[in-house]
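K.L.:
The residues making up each chain are set out below.
Number of protein chains: 6
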Amino acid sequence: MAGGPAISRFPVPELDGLPADLKERIDAVRAKTGFVPNVFLVMARRPDEFRAFFSYYDALMLREGGLSKAEKEMVVVVTSAANQCPYCVVAHGALVRLFTKDPRLGDELAINYRQAEVGPRQRTMLDAALKLATSPQTFGDADVQRLLAHGFSREDVWDIGAITGLFALSNRLAHLADMRPNEEFFTLGRGAQPSSSSTRTS
Amino acid sequence: MAGGPAISRFPVPELDGLPADLKERIDAVRAKTGFVPNVFLVMARRPDEFRAFFSYYDALMLREGGLSKAEKEMVVVVTSAANQCPYCVVAHGALVRLFTKDPRLGDELAINYRQAEVGPRQRTMLDAALKLATSPQTFGDADVQRLLAHGFSREDVWDIGAITGLFALSNRLAHLADMRPNEEFFTLGRGAQPSSSSTRTS
Amino acid sequence: MAGGPAISRFPVPELDGLPADLKERIDAVRAKTGFVPNVFLVMARRPDEFRAFFSYYDALMLREGGLSKAEKEMVVVVTSAANQCPYCVVAHGALVRLFTKDPRLGDELAINYRQAEVGPRQRTMLDAALKLATSPQTFGDADVQRLLAHGFSREDVWDIGAITGLFALSNRLAHLADMRPNEEFFTLGRGAQPSSSSTRTS
Amino acid sequence: MAGGPAISRFPVPELDGLPADLKERIDAVRAKTGFVPNVFLVMARRPDEFRAFFSYYDALMLREGGLSKAEKEMVVVVTSAANQCPYCVVAHGALVRLFTKDPRLGDELAINYRQAEVGPRQRTMLDAALKLATSPQTFGDADVQRLLAHGFSREDVWDIGAITGLFALSNRLAHLADMRPNEEFFTLGRGAQPSSSSTRTS
Amino acid sequence: MAGGPAISRFPVPELDGLPADLKERIDAVRAKTGFVPNVFLVMARRPDEFRAFFSYYDALMLREGGLSKAEKEMVVVVTSAANQCPYCVVAHGALVRLFTKDPRLGDELAINYRQAEVGPRQRTMLDAALKLATSPQTFGDADVQRLLAHGFSREDVWDIGAITGLFALSNRLAHLADMRPNEEFFTLGRGAQPSSSSTRTS
Amino acid sequence: MAGGPAISRFPVPELDGLPADLKERIDAVRAKTGFVPNVFLVMARRPDEFRAFFSYYDALMLREGGLSKAEKEMVVVVTSAANQCPYCVVAHGALVRLFTKDPRLGDELAINYRQAEVGPRQRTMLDAALKLATSPQTFGDADVQRLLAHGFSREDVWDIGAITGLFALSNRLAHLADMRPNEEFFTLGRGAQPSSSSTRTS
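Chains as they are written, first to last, in numbering that gives the first Met the number 0: chain B, 0 to 201; chain P, 0 to 201; chain S, 0 to 201; chain H, 0 to 201; chain A, 0 to 201; chain V, 0 to 201.
Calculated from the structure, these hints are not laboratory results. Note that the structure is predicted; figures quoted are calculated from it, not measured. C-beta atoms are modelled at their ideal positions from N, C-alpha and C, and glycine is treated no differently. Take these hints with a grain of salt, some might be off.
Said to hold, decoys possible - Here are some chain P residues pointing at chain B (derived, C-beta under 7 Å):
#1 Asp47
#2 Glu48
#3 Ser54
#4 Asn82
#5 Leu129
#6 Leu131
#7 Pro135
#8 Gly160
#9 Ala167
#10 Asn170
#11 Arg171
#12 Leu175
When you get a sec, could you build the whole thing from the sequences and use the hints?
P.N.:
Put into structure tokens, the structure is as follows:
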């Protein structure tokens, strides 16, 4: 961080002073990813909230179900872009690239998902997520029916809605803290070959 | 529930089949409150998410800090009203009444907090919360400074923002599930005497 | 009013000094209701406007026609909630409770009528009213046809639209004067039994 | 009307069958103006509402007070333009031209009052009126203070707000009925000489 | 201009000092129209931009194709009205009057095109133009298909969209410069007889 | 393009059949950039519009003045992001990276310029540009004064506004054609070292 802008407008604790379980989680993510995503550092100042947030994250994002990992990340990018959240768009845009092997889809979704290379199933998913993100009071039975008609199960509908909800929280925490994305996220997954994969048209 | 509308558009599990810790939490809340708020039943279908959600809730809402219990509930009611969330407005409007002993403040905040009987400190808090709830991308240093200038500590700012974030999630879960408030919440705390208490003008 | 906040940001005249017809109307409403709704006191400073306003009110709200008294009040609550008008939402929410014997419907309509316990006929009525209230320039033949298709007569359509219009005026007068609801309205009609009546699903 | 589009989507009664007081008012306006503005014909189908509406209109628009006739019409044009109401913009744009002798001010106000040739006093009046027309829930003490600081009396503030309210009603009635302006209004007052009068800069 | 308000908030060059081609174009328009529309004077300060702007204008507005001159001007008026651009609405409203011989259509389109006397083909054209003007990110294949279904060719679709785009630029230049319409435009074409021509219902 | 999605929803002409001047321009840009940006191909179907568009582009973007090349591109990216225009955001985001040597600034500006690493001068420029792009009717003297107070000259103000206007056009052309960015733009300039350069804080 030295020399660059702060990653949060709130104080960021030293890793050494953190509770063991936080430290363990952070070490694990560094071991896997090669760096510590800033969200772990920014949230660490409130250990109970850190635990609750990442438990929720794991419960939804690691859950096996009808949505692919890539589809979950698409929901995150599109709803976070509507909230203009730099951390979430940049970090999860990288995950879209990694999970789809498509070096452009993250940016396409962040700028205007209506023109992104996704098929009708995913377009329907993103329409529903965006509606729940930006005008939740109008989300209703018709939206659920549209998702079911495109082959999503009722559990998938919950996943789409709950991930949208979790990032409604996450985006606001990021704006509260003025949380900045790690530099690594900007370039991750950009080297992949232009894709003609089924991901783009599923 | 028999005879009335469903409390969720998703299946609600039987209490008997729930994991012990969920059952325990639900029994505890019934013992304390006299009934089981529907959010516990609606969320119980996904035990991991139930645990994460209520851990987060406890971490923020039970935390000792610069915000009073009543002030936290005010943030919940105003931001949930902006999202037109029946469950959150009705249930937490009741808590505003209980914590302030003011039988009208919950409705006033739900309809138009700008005209509610709150003082400048609380008005500033609610302005910031509403901004983070409805246009989070414009929340910035000036908003934080305004809160600090009204006597909120930096930890209070985090609390205001994080509670706003948690109910951004909660409102969307409630709209996802079409979650309905318990009848009890509509009348709770309405019997209190009209208040001329300091709560209204602090 | 002593000790509480003012009911208007404009001076409120003494009852004794009012023209006889205003005094008579106010006495009549007190005799019937048990208290004087603040709108009569706030409007009394301009006797000609008082007379015109309540003549209009009577012409629409007391008129016999295809809309029930409860349905007229539903239009008032939903459009006034969109304008976040405390006086109109609280006072007419009470009337919804009184006319439907449903202690919850007023709040449900005020928070999010899309999730309130009303049937398709009333939902269509409220959709049209809200559109005319909030984006009147888009109200057109298709909206009229939709109402007719749900069994409303052409005169009912006029009533729905004109009541919406009258409260577009009323809400703005209330915001102009910062008019406050009487305490009595907050609790009126809340004691009724939870309803499984046909009102909720007509 | 023969050969042209209808002036209302509701039936328009024959003049002969109207109650005497309506007929008298309509005859009077024809005698004065040379034609019958369509609003009188469109409203005549509901005599009680006709009476109430024009009583209210007279009470505000004919009232002697701090606002000039031209200023009252400016409020009407700007708020009606925000609601995109053809009848009100065209008819009252003509009155702006007649009262100011300025053949362009009506159109300027209808298109973008921020660029119209009005002075700071009138600009402040129009800002307040537009706010009350389009986001009444945010109208507050600061808006009243701003008007008072520009030399408006408290009664003037009421007039500005009440006229805004009356045309919030009027615009919605016009949209309800798809009411069309008389041809005469389009050209009335356009022949006046370009004005360098004090009206434009008062 | 002497005695009146400035036509631009930027300096307007003397005609004598302009490059020959600009002078020639301005002389030609004066010869044809009888006055120099202010846009030529306001843009002349940047000759290269003047040339590019009017080349673009000519390429689209003078192009022979499926759209009539009147229809092109309708697109200009409706999209410029959405941007509340005085110069473009007044000047091109005059052209609508001249091309249609209808003295009212320009004002009708400027106030609320949904109620203007245009047929379904033109209504569809204006819906598409307004969408591209005000929420371009939602313009998509369905909009193009709707235009084709109403008899527009693919080249017509381009023309509608490109004219909308050119005036998105033009409106912003006019707001940048606070550009004022010539007095002549306010009255041009108002003398024509009320039309029962096919233009109104094509 | 073979195998990938089309770059336009309108036919794209063969290069061989183009007028000589278009072909020359396209060859020149290929020689300089290494590939032909799609905008040249998409616009080529209408040679006169092609010439006008790129003349305008050159007049503004190549003009020597108070704005740096990087600042001009910032205006393009921020206003195009507000219009959710994939081509403009991706292509000009690449130019921001190239001109600033900052591999992250393009994405930061596209997601939320309020949190991007720009100084107060550039923040003021972007605030003004965004206002003119999204609510041009409210752009006024106060906005111009704010720019002048931050050291921009009157000519710079014109440049900021005119570039905003040109891309209001360009964004709508891109949405009209569903124009897709070249793959090359997604990665261009991402290899530069993380910058601590003065660009980020000027």
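K.L.:
Run every hint past the structure and note whether it holds.
P.N.:
We went through each hint and held it up to the structure:
no. : hint   : result
1   : Asp47  : holds (4 Å)
2   : Glu48  : holds (5 Å)
3   : Ser54  : holds (4 Å)
4   : Asn82  : holds (5 Å)
5   : Leu129 : violated (12 Å)
6   : Leu131 : holds (5 Å)
7   : Pro135 : holds (4 Å)
8   : Gly160 : holds (3 Å)
9   : Ala167 : holds (4 Å)
10  : Asn170 : holds (6 Å)
11  : Arg171 : holds (4 Å)
12  : Leu175 : holds (3 Å)
When the structure is compared with the earlier hints, a violation turns up for hint 5 alone.
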